[in-house]
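There are 2 protein chains.
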Amino acid sequence: MHYQHEHPENADEYKGLSVSKGISNAPIINPYLKKMRKKPLLSVNDYVSGIVRGDISVLGQAVTLIESSLPAHQAVAQRVIEKCLPLTGRSVRLGITGVPGAGKSTFIEALGMYLVRAGRKLAVLAVDPSSERTKGSILGDKTRMEELSAAANAFIRPSPAAGSLGGVARKTRETIALCEAAGFDTVFVETVGVGQSETAVHSMVDFFLLIQLAGTGDELQGIKRGIMEMADGIVINKADGANLQKSKVAQSLFKNALHLFPEAESHWTTEVLMCSSTEKTGIVEVWNMVERYVDFVGKNRYFDYKRNTQSKYWMYETVNEQLQNSFYNNPKIKELLNKTESEVLSHKISSFAGAQKLLDKYFRSKTL
Amino acid sequence: MHYQHEHPENADEYKGLSVSKGISNAPIINPYLKKMRKKPLLSVNDYVSGIVRGDISVLGQAVTLIESSLPAHQAVAQRVIEKCLPLTGRSVRLGITGVPGAGKSTFIEALGMYLVRAGRKLAVLAVDPSSERTKGSILGDKTRMEELSAAANAFIRPSPAAGSLGGVARKTRETIALCEAAGFDTVFVETVGVGQSETAVHSMVDFFLLIQLAGTGDELQGIKRGIMEMADGIVINKADGANLQKSKVAQSLFKNALHLFPEAESHWTTEVLMCSSTEKTGIVEVWNMVERYVDFVGKNRYFDYKRNTQSKYWMYETVNEQLQNSFYNNPKIKELLNKTESEVLSHKISSFAGAQKLLDKYFRSKTL
Numbered sequence: 001m002h003y004q005h006e007h008p009e010n011a012d013e014y015k016g017l018s019v020s021k022g023i024s025n026a027p028i029i030n031p032y033l034k035k036m037r038k039k040p041l042l043s044v045n046d047y048v049s050g051i052v053r054g055d056i057s058v059l060g061q062a063v064t065l066i067e068s069s070l071p072a073h074q075a076v077a078q079r080v081i082e083k084c085l086p087l088t089g090r091s092v093r094l095g096i097t098g099v100p101g102a103g104k105s106t107f108i109e110a111l112g113m114y115l116v117r118a119g120r121k122l123a124v125l126a127v128d129p130s131s132e133r134t135k136g137s138i139l140g141d142k143t144r145m146e147e148l149s150a151a152a153n154a155f156i157r158p159s160p161a162a163g164s165l166g167g168v169a170r171k172t173r174e175t176i177a178l179c180e181a182a183g184f185d186t187v188f189v190e191t192v193g194v195g196q197s198e199t200a201v202h203s204m205v206d207f208f209l210l211i212q213l214a215g216t217g218d219e220l221q222g223i224k225r226g227i228m229e230m231a232d233g234i235v236i237n238k239a240d241g242a243n244l245q246k247s248k249v250a251q252s253l254f255k256n257a258l259h260l261f262p263e264a265e266s267h268w269t270t271e272v273l274m275c276s277s278t279e280k281t282g283i284v285e286v287w288n289m290v291e292r293y294v295d296f297v298g299k300n301r302y303f304d305y306k307r308n309t310q311s312k313y314w315m316y317e318t319v320n321e322q323l324q325n326s327f328y329n330n331p332k333i334k335e336l337l338n339k340t341e342s343e344v345l346s347h348k349i350s351s352f353a354g355a356q357k358l359l360d361k362y363f364r365s366k367t368l
Numbered sequence: 001m002h003y004q005h006e007h008p009e010n011a012d013e014y015k016g017l018s019v020s021k022g023i024s025n026a027p028i029i030n031p032y033l034k035k036m037r038k039k040p041l042l043s044v045n046d047y048v049s050g051i052v053r054g055d056i057s058v059l060g061q062a063v064t065l066i067e068s069s070l071p072a073h074q075a076v077a078q079r080v081i082e083k084c085l086p087l088t089g090r091s092v093r094l095g096i097t098g099v100p101g102a103g104k105s106t107f108i109e110a111l112g113m114y115l116v117r118a119g120r121k122l123a124v125l126a127v128d129p130s131s132e133r134t135k136g137s138i139l140g141d142k143t144r145m146e147e148l149s150a151a152a153n154a155f156i157r158p159s160p161a162a163g164s165l166g167g168v169a170r171k172t173r174e175t176i177a178l179c180e181a182a183g184f185d186t187v188f189v190e191t192v193g194v195g196q197s198e199t200a201v202h203s204m205v206d207f208f209l210l211i212q213l214a215g216t217g218d219e220l221q222g223i224k225r226g227i228m229e230m231a232d233g234i235v236i237n238k239a240d241g242a243n244l245q246k247s248k249v250a251q252s253l254f255k256n257a258l259h260l261f262p263e264a265e266s267h268w269t270t271e272v273l274m275c276s277s278t279e280k281t282g283i284v285e286v287w288n289m290v291e292r293y294v295d296f297v298g299k300n301r302y303f304d305y306k307r308n309t310q311s312k313y314w315m316y317e318t319v320n321e322q323l324q325n326s327f328y329n330n331p332k333i334k335e336l337l338n339k340t341e342s343e344v345l346s347h348k349i350s351s352f353a354g355a356q357k358l359l360d361k362y363f364r365s366k367t368l
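Note that the protein sequences, when read in sequence, are chains A and B.
Start counting the first sequence at 1; every next residue gets the next number (this note's numbering).
Start counting the second sequence at 1; every next residue gets the next number (this note's numbering).
If you're looking for bench data, these hints aren't it; they were derived computationally from the structure.
Among these hints, one or two may not hold up.
Each pair may be met inside one copy or between any two copies, as identical chains are not told apart.
What the hints assert, rightly or not - Lysine to aspartate or glutamate pairs mimicking DMTMM-like chemistry, simulated, CA-CA at most 20 Å apart:
#1 K299 to E279
#2 K339 to E82
#3 K280 to D55
#4 K312 to E343
#5 K255 to E229
Kindly generate the complete structure, drawing on both the sequences and the hints.
As structure tokens, then:
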């Protein structure tokens with residue numbers, strides 16, 4: 001079920017690329033941005049050359065521009081992205097989801113440290129539209145990623161500040177592009193199991209990993225319906241000590257359940273593994289699974305198909321979101337919307353007649 | 001995954017309520033409509049009074065108007081619907097899905113005959129956007145519903161002729177309204193497991209029933225991902241003779257799998273039953289389950305909540321679909337779309353820059 005427009009007021013927040021907010025009324029809650037306003041902007045070419053030579057400081061500044069709502073920043077950011085685009089696409093993109101408490105941070109620390117020690121360059125991003133930096137978003141608590149934060153070949157960036165899912169997703173996808181241009185060959189995108197954020201992350205990664213805990217038999221009670229069917233892999237975390245036996249039971253439950261699911265479009269069979277992020281067991285196996293997947297979908301050509309589908313998806317999704325913003329932010333629609341909804345709910349007019357009434361008003365106001 | 005705009009060209013077909021096709025270029029593939037053009041239209045009041053007194057012939061003619069793309073027909077249809085709306089809402093709406101071969105038609109015949117014999121008035125509709133009457137849609141083959149077709153208290157109507165899902169869904173939802181105004185207290189909406197049609201049907205019924213067959217352990221291979229999580233009930237059909245033992249195994253597999261799913265918003269626990277439509281066993285039990293559900297969600301007030309959510313959903317969904325039609329049918333967008341998509345796929349511009357380029361063109365052409 002995708003009742004994406006049950007709360008059209010959320011659409012207000014996303015202005016897409018054509019942001020029109022001035023400095024005075026732009027809500028600055030981004031500490032990176034705050035710091036940045038003291039620094040002069042680099043030229044587009046300086047950003048690009050810095051990124052291409054793998055300068056993490058320049059990369060970070062460019063990401064801050066992406067996150068900024070100032071038109072001047074956005075203009076530069078878009079030109080930087082465009083120049084970096086030919087260098088993008090050459091990383092493995094791993095989406096990671098799981099309920100709070102599943103141990104995502106310690107898992108990312110463990111898998112991430114394994115990868116950077118093996119010589120990979122790792123960017124860790126997040127999509128969390130509900131986050132506010134001041135309240136501590138996911139990835140905000142770097143104490144659980146102490147080693148990785150300090151590692152030379154790792155770039156960790158929390159979710160862009162609170163905003164609509166569309167806005168946050170756009171910024172994250174653009175950040176992936178810059179990271180790839182900067183030579184990062186591995187990108188993690190973490191998300192919490194809230195709203196539509198998993199769908200967004202699923203639509204920007206190659207492999208979608210669900211982190212689970214062994215529990216009471218109600219293993220999936222905490223997460224949203226449909227997530228299990230999105231997963232390319234499931235890993236049962238904290239499979240150690242007294243938890244090991246329960247984890248084995250959970251593993252076999254998940255395997256049986258997955259057996260009942262229809263085959264994925266990729267023809268890949270979702271695997272269920274166990275690991276312990278604290279004891280560092282099963283971590284290598286998770287990465288081996290990801291590599292097996294990349295190899296498998298490389299051979300059957302699903303990898304490129306999915307990447308292309310995702311690029312198209314985001315183009316059409318952005319168009320749709322902006323069409324809706326234009327509609328729902330229209331003063332005449334704002335005035336009429338609640339009244340029309342009430343008429344529909346009280347059976348005075350049908351849903352379709354209500355929609356038509358609004359559409360007529362909107363298109364007339366646009367002097368078609 | 002909802003890549004609803006991967007095929008924006010499909011949007012062409014749906015013009016919503018403001019159909020502008022003249023008689024000459026309207027593709028008439030609806031046999032009901034063909035028959036109708038020979039008859040004069042009734043007045044709005046005559047349609048309404050005919051429907052309200054339960055005249056199935058008048059009901060059928062009014063449904064034909066709903067299905068017609070002629071502006072004159074649509075104008076009358078909308079006024080009839082509006083007048084009937086205060087009388088709607090008082091039926092139990094049951095969605096029925098399952099792969100071809102699961103025995104949907106014989107199941108509907110068996111359950112339907114049980115219900116009309118018990119004194120209920122039953123309307124059987126279908127949503128099948130791919131159907132063309134000439135090719136025989138679902139419900140088209142009435143030989144499998146011989147008794148029900150002849151029953152006095154049953155109204156069977158195949159899917160509206162081929163068209164976009166949005167158009168077909170709208171017509172079906174409007175038909176439900178007229179049937180309810182005509183005193184039908186039970187409405188079945190059948191669908192095949194294709195594309196987004198289950199989501200559409202799920203969004204217009206109270207109870208969503210998945211018909212399954214006992215198989216080889218790959219029970220769900222034939223149906224789309226996510227369907228099982230939409231189901232309020234699963235019934236394993238053809239549970240008879242040599243199939244009975246296999247059906248019991250399938251029943252317990254499904255029960256175990258469902259146990260792993262997160263709780264539904266309704267707090268209802270999906271039940272798994274067995275039946276034989278040919279031997280007429282287990283049929284009463286299916287209806288008892290539906291009644292248990294209606295009672296359960298009546299008490300916890302989910303029933304009304306869901307109905308209201310659905311009404312809002314269709315209003316917003318119609319708005320979105322028409323906004324997209326206006327965009328994708330715009331001549332300038334049609335001209336630019338393929339080129340922009342190619343630029344995105346060849347990494348010349350980002351998905352977001354591509355979207356922005358199209359949006360700028362569209363909104364400029366509308367002289368905002």
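Output the numbers, in ascending order, of every earlier hint that fails for this structure.
1, 3
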